[in-house]
Structure formats: structure tokens, C-alpha cells
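Protein chains: 2
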Amino acid sequence: MTQNPNLVTLDAIHAAAARIAPYVSETPIVPLTPTGIGLKAESLHPIGAFKIRGAFNALLGLGEDERRRGVVAHSSGNHAQAVAYAAKKLGIQCTIVMPDNSSRVKLEATRYWGADVRLVKAAMRASTCERLARERDLVIIEPFNSLAIMAGTGTIGLEILKQCPDARFVTAPVSGGGLIGGLSAAIAQSNPVIQVIGVEPELANDAQRSFRAGRLVALSPDETGRTIADGLRVPQLGELPFANIKVFVRDIVTVTEDEIRQAMRRITAEARLIAEPSGAVALAGALKLGLEREKTVAILSGGNVEAGLYASIIGA
Amino acid sequence: MTQNPNLVTLDAIHAAAARIAPYVSETPIVPLTPTGIGLKAESLHPIGAFKIRGAFNALLGLGEDERRRGVVAHSSGNHAQAVAYAAKKLGIQCTIVMPDNSSRVKLEATRYWGADVRLVKAAMRASTCERLARERDLVIIEPFNSLAIMAGTGTIGLEILKQCPDARFVTAPVSGGGLIGGLSAAIAQSNPVIQVIGVEPELANDAQRSFRAGRLVALSPDETGRTIADGLRVPQLGELPFANIKVFVRDIVTVTEDEIRQAMRRITAEARLIAEPSGAVALAGALKLGLEREKTVAILSGGNVEAGLYASIIGA
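Protein sequences, first through last, are from chains A and B. Per the working numbering, residue 46 is the first one in the first sequence, and the count goes up by one each step. Per the working numbering, residue 46 is the first one in the second sequence, and the count goes up by one each step.
Treat the hints as calculated values from the structure; they're not laboratory data. We put the CB at the ideal spot given by N, CA and C, even for glycine. Be aware that one or more of the hints could be misleading.
As the list claims (entries may be wrong) - Each computed DMTMM-like pair below joins lysine to aspartate or glutamate, with the alpha-carbon atoms no more than 20 Å apart:
{"no.": "1", "chain 1": "A", "residue 1": "333", "chain 2": "A", "residue 2": "303"}
{"no.": "2", "chain 1": "A", "residue 1": "207", "chain 2": "A", "residue 2": "56"}
{"no.": "3", "chain 1": "B", "residue 1": "166", "chain 2": "B", "residue 2": "267"}
{"no.": "4", "chain 1": "A", "residue 1": "133", "chain 2": "A", "residue 2": "161"}
{"no.": "5", "chain 1": "B", "residue 1": "340", "chain 2": "B", "residue 2": "204"}
{"no.": "6", "chain 1": "B", "residue 1": "340", "chain 2": "B", "residue 2": "315"}
{"no.": "7", "chain 1": "A", "residue 1": "133", "chain 2": "B", "residue 2": "315"}
{"no.": "8", "chain 1": "B", "residue 1": "207", "chain 2": "A", "residue 2": "71"}
{"no.": "9", "chain 1": "B", "residue 1": "207", "chain 2": "B", "residue 2": "339"}
{"no.": "10", "chain 1": "A", "residue 1": "134", "chain 2": "B", "residue 2": "315"}
{"no.": "11", "chain 1": "B", "residue 1": "333", "chain 2": "B", "residue 2": "351"}
{"no.": "12", "chain 1": "B", "residue 1": "133", "chain 2": "A", "residue 2": "303"}
{"no.": "13", "chain 1": "B", "residue 1": "134", "chain 2": "B", "residue 2": "71"}
{"no.": "14", "chain 1": "B", "residue 1": "134", "chain 2": "A", "residue 2": "303"}
{"no.": "15", "chain 1": "A", "residue 1": "207", "chain 2": "B", "residue 2": "71"}
What the hints assert, rightly or not - Counterexamples of contact, computed for chain B against chain A with all Cβ distances above 10 Å:
{"no.": "16", "residue": "54"}
{"no.": "17", "residue": "91"}
{"no.": "18", "residue": "164"}
{"no.": "19", "residue": "176"}
{"no.": "20", "residue": "203"}
{"no.": "21", "residue": "210"}
{"no.": "22", "residue": "211"}
{"no.": "23", "residue": "262"}
{"no.": "24", "residue": "296"}
{"no.": "25", "residue": "302"}
Using the sequences and the accompanying hints, generate a full structural model.
Set out below in C-alpha cells:
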């Protein structure tokens, strides 16, 4: 059988699981009482987001020489923190390019883990990252357009298959596609009865448009910058994630800003967990699809939100 | 060797662990990054608090006849929810007496689980419970002064011993003493190197006074009602918990209301978990004792807090 080389294999995901196991703990699925929905609490990692999985898998896959050169990455926040954290744990020099509209809590955390942080205009992040890599001979750690990253995020799928084997639906947020690309590859190739559904903010629905069109559709950073879900403002899916999404994902749906805020409130009250806006999007989608009585797992992708913003949403 | 019949045995705790296993999931220990402290996240149970453990152990220990008669309990909130939830799962009729100053979120949740809720003045809760038991032939499920309850809470200790065998300190909130009584019995009898330390609000320090005096000291409900930690307003330790505390607990320390609020903020920002005020008291104590760099587990006992109050604290 000919293999599409852009798809993440189950072997790669199982290898990632073994590789990252010493550094990344399994996260619990916490019930959203009294619904049938469970939240896969990726917010409970030390950096508060799922990105730790891909970052460790990518860094652990580097050769000796690459480790010595050091790494550079660009990210609005959680990938930044994840690469900085993993690099610190593995003793690798790390530079991070962040857009100047990044969440302050994510910026501070990235600095805390010892990364050399460079702030640039959002549109300049990728080009600045490439320039630094060239000038200083650094290895670029892609945020999502990478098989190593997706094999890492695929480990979420393996855990769900073990923790909740009778799940019927898994919903996940979509930004660059690294999360849902690996997750859906893990689940669809293990148990195709489970439907993986992507969820996006209406205000940043490039992935839904791409999915419907069958080809990559981009929004502008100004457009995607309108959503409160700061982790989902990437204006276009990566090519590799899109290849996996087309094969393994059932559909991509959208939610409003109000639905995102309401999901944050329900996660607080009914699961006693903290979701950043992007982290509540998958639950918002599950609720919109009427999955409260179905065996459903919604990925709570991260919990890094500024206290003032969070308080204003849940106290409303 | 003569056994003190008031002490919780390891056998009773292991039996409780086996009995409640089908109904109660293990909770994770979530790192308070970047400290050495882990939070035992008892807030992630379906009812948002540790009380589910004692409630299931007590109800599962009832005989057929007792189950048919139905149960009654009094509680300011989390025991109420726990008994209501466990009774519903086990098909047992349930009446709950709650003080009329109970947290609204706990009151509503208790009603949600189908309990017949009676609101009374705080000072009347125990006597009302006894009267209802007499009049309607109900079985009283004690909130804390019970070996069955403490054997249930002791299962937290077994989990800590397995999850974090190199812990040096475990801190836990103290109210009636059911949590720390069972917890300390489990830990001290398994690994006496680990020190179990109780933590109370300064404004409700009856347990500390009792511990120092070597005999039970009571405060008035008006006094203990001053603390924001609504779960810790019980004015006196139970006799059975006190017997265990005297033998198995290293010390009891107090924290201020500001320290409780600050611990709630740190749990939000550094562990992405939600603590009700009582649930943050153990961390507040660990921080006050300077245990940030020690291998320490702080019990996050519950996460049931009204959204408005919570928002006002973490947004401050």
C-alpha cells in the first residue's frame, strides 16, 4: 500500500509517546458535571497547555549537533512557553519570536523559562524567526507545520483511547492545525467509530473555509486578531496539518465569541478548571452540536489567561 | 498490642479504597509551577470536593435495611453535595440539613443531586438533623466524626504515597477534622518520614487551640463565621478526628484571610485550577511555612466557589 508521506503514522505517534513519557505526564479527563462531556485537561501540564507534547517530541528528535546549535521558534504564546520549557529541561539554548500582541501571561512565562524573547509585529513573526535561524545557525522548531509536532500532539489521542474507549465524539480547537492534525491521526487510525470534530471561532474561520473548499484559504492577521481566543489567531492552516485534517477529521464547526465566554464559565463552575479562551472553544463546539448527552471528550487545550480578563468573563 | 479503637487503621483505609474504587476516580497531583509544591486536586471529583470519598465509604457500608430507610446529613456544603451525589448513584433516599448561610453554589448543587434540602440557622444544624432522623427513622451520615468517613478520606493518603512517594510534607485544611484525621492516619502509619501538617484560618483556629491544649476547645459559630473559608467554619473538632490528629499530625498552623486569597490567586495562575477559599488554605499554609523548595503536597480540598466571589478575588 502506498503511504501518503504527509500523514502522521500511528507508529510515529507511539514512538512519540515513549519518547516524551519521562517529561510529560498523562492529563486527566475531568467530567463536566452533570453532562456526558469530559474535558481532556491539557491545562494541567506545567506550562498550562498541550504544546509541551510536540515541543518535547521535536527537541528530543534533534541530533547532538543540532542540540548544540540551539533552537528558535515563533509563537503567540503556548508554543513559545513549551519550547522554552522543554529546551531548559534538556539544556538547549532557546530563542523565541513572539508577536507584540501576545498575552502578557504567556510572554512572562516564556521569559521565566529562560528563553531569549524577541517581540515583533504579528505579521513579521515567521520571517524574523527565519532570519535569526540563518544569522545565528539555529534550528527552527515549527509551531505546527511539522510531522514531529503532530506526532507529539497525537499522544493526546492515545490517552483518550485508553481513558475513554467508548467515546463517540472528540472536539478540538483549530489554529495552525497541529493539535487536531495529530489528534485525529491517532484516533481515526485506531478507532474510526470516534468522530473528531474541529472547532474555530467564527471570527477566525480559515480552517473551516479551507475544509469546505478542499484547499488552503487564508485570512489576514487583522481578521483573525478580532477573536478573544488569542491562541487561534493563526491566519492559515499549515500544509501538513491540512493534509491530515482532510483525511482524518469529520467536520469543522464555528462558535461565537459569546459561546466561547459561556464555555469558559461552564468549565469554571462545572469542572473547576481554568480555560483560556482558546481552551474553551472545543467545549463551546460540543455544546453547540448538542453533544451534552453523548459520550464526548472536548480538548481543553490550555489555561493561560490573564487574571483580569478571566475574572471579567467568569464574573459576568 | 492493644489498639486504640478511635484510631483509623490502615486495614480500614485499604478496605475503603477497594470499596469506593468503582465510584471515585483517583485525582492528579498538579504542580504549582515553578515551585516544588504539588496540589492534590480533590476539586476535580464530579462534585468538586474530597467529601465524595467519605460519603461513598459510609453509604456503601450500610446494611440493606439502613439503605431502605434512607439517610440524613447536615453540612455547610461539600458533605451535603457528596452525600446527595452518592445517595443518588446508589439509589438511596436522602435528606440534607444545611445552614442558611451556606454558599449558594453548594446549595444549588445539593438540590441538583435530588436531595430534600432543609435550611436552618447554623447553630441548629446538628439538632435538626437528629430530630429528622428520629421522626422519620433515617440513618445519620456524620460529616466528620466517624471512622467510616475518615477511612474514606484516608484514601487520599494512599494515593499520595503512590503518586509522590518522596514527599516530605503534606498540608491539609482542618475543619471538623475528618479530612486530616483519615489522611494523617494513612500516611503516618505507612511512612512516618512524611510530616502531615494541618492548616486553619486564624479566624477559625479551634483545632490549633485544641492541639496545643491537648483537649477539645470550641469557638462559637459567630467567631468561625468570620473567615472567607466557608468550609472551615465548624466550631470544634470531632472527638474521633481529634484522637487521630493527636497521634498522627505533626502540627497545626494558621493563615490569614489575605494569605488565603493570595493562595487562590497562585493556584489560578500557576496550576490553572480553581480552589474555593477552604481549598486554598493548605497551600497558604505550605507557603507560609516556606515549603516552596521542599517536596510538598498541599491538599486542594474543593473548588466550589461562587463565580462572583471568585472573580473578585482573582481579579484583585
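Verification of the hints:
1. 333(A) - 303(A): 12 Å, holds
2. 207(A) - 56(A): 16 Å, holds
3. 166(B) - 267(B): Within the cut-off at roughly 11 Å; holds.
4. 133(A) - 161(A): 12 Å, holds
5. 340(B) - 204(B): Between residue 340(B) and residue 204(B) the Cα gap is close to 16 Å, so the pair holds against 20 Å.
6. 340(B) - 315(B): Since the Cα atoms of residue 340(B) and residue 315(B) sit roughly 17 Å apart, the hinted pair holds (cutoff 20 Å).
7. 133(A) - 315(B): 18 Å, holds
8. 207(B) - 71(A): The hint holds at about 16 Å.
9. 207(B) - 339(B): Holds: residue 207(B) and residue 339(B) sit about 18 Å apart, inside 20 Å.
10. 134(A) - 315(B): 18 Å, holds
11. 333(B) - 351(B): 26 Å, violated
12. 133(B) - 303(A): Answer violated: residue 133(B) to residue 303(A) is near 34 Å, above 20 Å.
13. 134(B) - 71(B): 18 Å, holds
14. 134(B) - 303(A): Answer violated: residue 134(B) to residue 303(A) is near 34 Å, above 20 Å.
15. 207(A) - 71(B): Within the cut-off at roughly 16 Å; holds.
16. 54: 30 Å, holds
17. 91: Since the minimum Cβ distance to chain A is about 4 Å, residue 91(B) lies within 10 Å and the statement is violated.
18. 164: The claim stands: residue 164(B) keeps its Cβ more than 10 Å from every Cβ of chain A (closest is about 22 Å).
19. 176: 31 Å, holds
20. 203: For residue 203(B), whose nearest Cβ neighbour in chain A is about 18 Å away, the distance exceeds 10 Å, so it holds.
21. 210: 15 Å, holds
22. 211: 16 Å, holds
23. 262: Correct as stated: the minimum Cβ-Cβ distance to chain A is 33 Å, above 10 Å.
24. 296: Since the minimum Cβ distance to chain A is about 29 Å, residue 296(B) lies beyond 10 Å and the statement holds.
25. 302: 19 Å, holds
The earlier numbered hints that this structure contradicts are 11, 12, 14 and 17.
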